[in-house]
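S.K.: Could you put the whole structure together from the sequences, leaning on the hints where they help?
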Amino acid sequence: MIPPSTSTVPQFERPGPPIFSPAPTASKPFIPPPPPPMAFPIPDRTSKPSIPDSPDSLISRQNGGVDGGVVKRPPLLDRATKPAMISKEYEVQILSIYDQMTMAIERSIDERTRSRGSGSPGAVGLYNMGNTCFMSATLQCLFQTPGLSEVFTKRNFITKVNTHSRLGSKGIISAGFASLSDTIWNGTYTAIRPSRFLQLFATEVYTALNDGRQHDASEFQIFLLDALHEDTNQAARIGFEQNYRGGQAIRQEAADFLKKHYMFTASPVNRILGNISVSEVRCLTCGESSATFEENTIVSVEIVSTSSCSLDNCLQSHFSTTRLDGDSCWNCPKCKQPRPSTRTSKLWQPPTVLIIHLKRFSMFNGDFEKNTAQVSFNPESFDISPYLHEAAPRDKPNYKLYAATLHNGRLNSGHYTAVASHLKSEKWHRYDDETVTPCEKFQQSLAYILFYKRC
Numbered sequence: 026m027i028p029p030s031t032s033t034v035p036q037f038e039r040p041g042p043p044i045f046s047p048a049p050t051a052s053k054p055f056i057p058p059p060p061p062p063m064a065f066p067i068p069d070r071t072s073k074p075s076i077p078d079s080p081d082s083l084i085s086r087q088n089g090g091v092d093g094g095v096v097k098r099p100p101l102l103d104r105a106t107k108p109a110m111i112s113k114e115y116e117v118q119i120l121s122i123y124d125q126m127t128m129a130i131e132r133s134i135d136e137r138t139r140s141r142g143s144g145s146p147g148a149v150g151l152y153n154m155g156n157t158c159f160m161s162a163t164l165q166c167l168f169q170t171p172g173l174s175e176v177f178t179k180r181n182f183i184t185k186v187n188t189h190s191r192l193g194s195k196g197i198i199s200a201g202f203a204s205l206s207d208t209i210w211n212g213t214y215t216a217i218r219p220s221r222f223l224q225l226f227a228t229e230v231y232t233a234l235n236d237g238r239q240h241d242a243s244e245f246q247i248f249l250l251d252a253l254h255e256d257t258n259q260a261a262r263i264g265f266e267q268n269y270r271g272g273q274a275i276r277q278e279a280a281d282f283l284k285k286h287y288m289f290t291a292s293p294v295n296r297i298l299g300n301i302s303v304s305e306v307r308c309l310t311c312g313e314s315s316a317t318f319e320e321n322t323i324v325s326v327e328i329v330s331t332s333s334c335s336l337d338n339c340l341q342s343h344f345s346t347t348r349l350d351g352d353s354c355w356n357c358p359k360c361k362q363p364r365p366s367t368r369t370s371k372l373w374q375p376p377t378v379l380i381i382h383l384k385r386f387s388m389f390n391g392d393f394e395k396n397t398a399q400v401s402f403n404p405e406s407f408d409i410s411p412y413l414h415e416a417a418p419r420d421k422p423n424y425k426l427y428a429a430t431l432h433n434g435r436l437n438s439g440h441y442t443a444v445a446s447h448l449k450s451e452k453w454h455r456y457d458d459e460t461v462t463p464c465e466k467f468q469q470s471l472a473y474i475l476f477y478k479r480c
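Under this note's numbering, the first residue of the sequence shown carries the number 26, and numbering increases by one thereafter.
Note that these hints are calculated values from the structure, not bench results. Fair warning: there could be bad hints in the mix.
DEER-style ranges, computed between Cβ atoms [unchecked claim]:
#	residue 1	residue 2	range
1	272	334	28 to 36 Å
2	136	287	20 to 28 Å
3	350	281	48 to 56 Å
4	172	284	16 to 24 Å
5	131	389	44 to 52 Å
6	389	184	46 to 54 Å
7	343	272	20 to 28 Å
8	367	284	46 to 54 Å
9	334	449	50 to 58 Å
10	346	408	17 to 25 Å
11	273	121	25 to 33 Å
12	232	335	46 to 54 Å
The C-beta atom is built at its ideal place from N, Cα and C for all residues, glycine as well.
M.R.: What follows is the structure, given as structure tokens:
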């Protein structure tokens, strides 16, 4: 324990006895989650029910809508000749979904919760509705993320929704997320039940995450951020071919990439969370090279030890130069045949908020095993300069930890919690489903997803 006068950031314990009781193993067989997709992925919606794009299309709700009926999905109106991102008519319909979400939250509050009185704004728990801790822990970290809580409010989110986007949910997920966020920051109750949001998410994004089983928090986070990004992407989503060679021209090529990239992907989500990296491949025979830029909302790194290591050790390995030999040889365009090569990946443009996913789960003998290694890191200061490309700008490379998703137990039978620094007071809290308590320390071996903000 550190005296309050020294630091408000929680201190970290060495691995010890589990501090959480693992959730019971699901009765249904565990289905491993797919590998995390790339930045702003297009989710696999093969399991999503077909919803006709017509004014009469409806979203069925489990047990009905707010009053046991149905919640009408706003019609997908033809706005091809209209300059506005969202019409007044559509705005009213999306806001009605926000209001219905808020009323559903209010009506789900039981007498026991009401008797506890009001909660603290920004420190409100989320009830576990049956293996939904993966969702709750993720949401709590996002509610404390600088920028997101300002964008996704009733007043602001509606101005960001782009109804021309063919992807996303036409603002439905944004309405649900904003309703939850506003309720959390109102602090009317000590805990709320996000059942309607889970139903919306299952209908609009990924049905499998509402099957009553435990799921991967990083998987849910990627799908949620993708949906919010697509809802608020104010540019036409098109692709372009990269024919960059790297080397001395890398700065000019990066400028060209960024100019084109933001012509087809421009949302508040990638403005806050999007990091740009560059991968360079160089032929060891003739010296020919190629460079490819990409944007991600999360950096997923392998843990380099099974006992203990540092976050820097993991990042050094992740961004190290690798040799491409044998079947992995690069098909050199100059040699016109596969050649031994090197590949190096570095950050080019770091984000305002940097999210690092520690890959604790790996497949072994047909099942997932968890690496419980203690990954040490400095919560007060994290310098990303060593992981930037040598030609990249180096403005404000220092970050500070503000939240973390924790996992205890196995992938399919464990328990997720979160710790986060309050966005306004900067006091740390532990979020364990409906229970929110002050936090001064947590087990470092439980850290799964780290959230850093630029200093």
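S.K.: All hints, please: hold or fail.
M.R.: Structure-based check of all given hints:
1. 272 - 334: 28 to 36 Å: holds, 33 Å
2. 136 - 287: 20 to 28 Å: The hint (20 to 28 Å, Cβ to Cβ) is violated, given that residue 136 and residue 287 are roughly 51 Å apart.
3. 350 - 281: 48 to 56 Å: Cβ of residue 350 to Cβ of residue 281: about 31 Å, so the range 48 to 56 Å is violated.
4. 172 - 284: 16 to 24 Å: Once the Cβ atoms are compared, 23 Å apart, the range 16 to 24 Å for residue 284 and residue 172 holds.
5. 131 - 389: 44 to 52 Å: holds, 46 Å
6. 389 - 184: 46 to 54 Å: holds, 48 Å
7. 343 - 272: 20 to 28 Å: holds, 23 Å
8. 367 - 284: 46 to 54 Å: Distance hint for residue 367, residue 284 is violated at roughly 28 Å.
9. 334 - 449: 50 to 58 Å: violated, 34 Å
10. 346 - 408: 17 to 25 Å: Taking Cβ atoms as reference, residue 346 and residue 408 lie about 21 Å apart, which means the hint holds.
11. 273 - 121: 25 to 33 Å: violated, 56 Å
12. 232 - 335: 46 to 54 Å: At roughly 39 Å between Cβ atoms, residue 335 and residue 232 fall outside 46 to 54 Å, so the hint is violated.
Figure legend: structure checked against the earlier numbered hints; hints not met, in rising order: 2, 3, 8, 9, 11, 12.
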